[in-house]
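Undergrad: Sequence:
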Amino acid sequence: MSPASAEPEHLAQLLTATAGGDQRAFAQLYRTCSAHLFGVLLRILQRRDWAEEALQDCFLKVWQKSETYEPSRGSPLTWLTTIARYRALDLLRMKRPEVEMPEEGEEPPLSFADPTQDPVDRAIEGEGIGRLRDCMGGLQDEQRRSVLLAYYEGYTHQELAQAMQAPLGTVKSWVRRGLSRLRECLEAVGGAMENG
11 MSPASAEPEH LAQLLTATAG GDQRAFAQLY RTCSAHLFGV LLRILQRRDW
61 AEEALQDCFL KVWQKSETYE PSRGSPLTWL TTIARYRALD LLRMKRPEVE
111 MPEEGEEPPL SFADPTQDPV DRAIEGEGIG RLRDCMGGLQ DEQRRSVLLA
161 YYEGYTHQEL AQAMQAPLGT VKSWVRRGLS RLRECLEAVG GAMENG
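Numbering (our numbering), first residue to last: 11 to 206.
Hints listed in this document are in silico derivations from the structure and should not be mistaken for laboratory results. Among the hints, erroneous ones may be present.
Taking CB as the label site, the calculated pair distances span [to be verified]: (1) Asp144 <-> Gln23: 21 to 27 Å; (2) Arg57 <-> Glu80: 30 to 36 Å; (3) Gln74 <-> Pro177: 41 to 47 Å; (4) Gly148 <-> Arg41: 38 to 44 Å.
All figures in this text were calculated on a predicted structure; none of them were measured in a lab. Ideal Cβ positions, reconstructed from N, Cα and C, are used throughout, including at glycine.
Work out the full structure, taking the sequences as your base and the hints as a guide.
TA: So this is what it looks like as structure tokens:
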């Protein structure tokens, strides 16, 4: 079963059981989600050995921190993908400090927060997330959906094209233009706050 075909409720149940120390639930969670997360990690890190290392670290963190998952903050797959992306970016900073985010030449509009981090740190980060949300609201529907699916759900361009029932070149364009508009909006908002 792939994470795309797994019901969010089922993944949430596996996370809850994992939080209770259920090793079989953890193994099932791994079987269900590891291939998807490995694909996300491989796209970011561009090296199989680093992606394997990051996947192992990611699931170690899931085992240790699964009780911190809150369904109100997003789907289980989003939470897992965020942990994977955070670990990949952390690994990139350690191993290749000159590289910020090698996602087909594109950078995400904001760095990904570790969903297991301290609530105070999350609250401080919330202001930036609020600005991002405002800027996301200014995107065309296709651009907003494609950026969310690509960066927060971990969809590949091929998966995006299938999910959005659009040609591959079109979804790539939506992602590229969406990110460009987000950067412009975030820079404008940031500049206005500094001058205000």
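Undergrad: Against which earlier hints does the structure fall short, listed by number upward?
TA: Going through the list in order, the structure violates hint 1 alone and respects the others.
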